[in-house]
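Asks: Sequence:
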Amino acid sequence: MTEMTAANGLFLLILVAALGFFSANVQRLVGELRLGRLDDSRWGDLPTRLGNLLTVGIFQSKIFRDSVAGPMHALIFWGFLSSAPAPPRRSSKGSSRASATRCSSPRRSIAGTC
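Numbering-wise, the sequence shown is residues 35 to 148 according to our numbering.
Careful, some of the hints might be misleading.
Pair ranges (Cβ atoms, derived) [as the list claims (entries may be wrong)]: (1) R71 <-> A41: 45 to 55 Å; (2) F45 <-> A118: 46 to 56 Å; (3) L67 <-> A41: 48 to 58 Å; (4) L46 <-> G78: 50 to 60 Å; (5) D100 <-> W77: 29 to 39 Å.
Since the hints were derived computationally from the structure, they do not count as laboratory data. It should be emphasised that the depicted structure is a prediction, and the values quoted were computed from it without experimental measurement. No residue lacks a Cβ here, since even glycine has one placed at the ideal position from N, Cα and C.
Whenever a hint applies, use it, and build me the whole structure from the sequences.
Replies: And the structure:
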């Protein structure tokens with residue numbers, strides 16, 4: 035058996051304190067979650083919700099309240115939105131075996147004809 039040193043005792047004290055704080059926070063968060071109620075009214079008016087998705091989520095209507103920063107933020111958002119579903123593109127130069135053998139000559143690659 036090992037002896038209980040001061041370092042071990044300090045570690046044990048800090049461990050118990052940390053577990054106590056963690057337990058208190060978990061109990062607090064669970065208590066706050068229990069205050070809420072189950073409300074499934076979000077599925078009640080689906081056409082209105084889809085309209086809000088289009089106007090606020092896609093067309094960014096709330097961002098346009100600011101006349102200067104709004105259009106800039108919307109353009110950034112639409113730029114990300116337009117580039118998100120695109121697959122990575124392969125370059126037409128050097129992507130095939132034929133172009134690799136065709137451009138093997140240093141003279142042609144320097145001239146830029148590859």
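Asks: Please write out, lowest number first, the hints stated earlier that are contradicted by the structure.
Replies: 3
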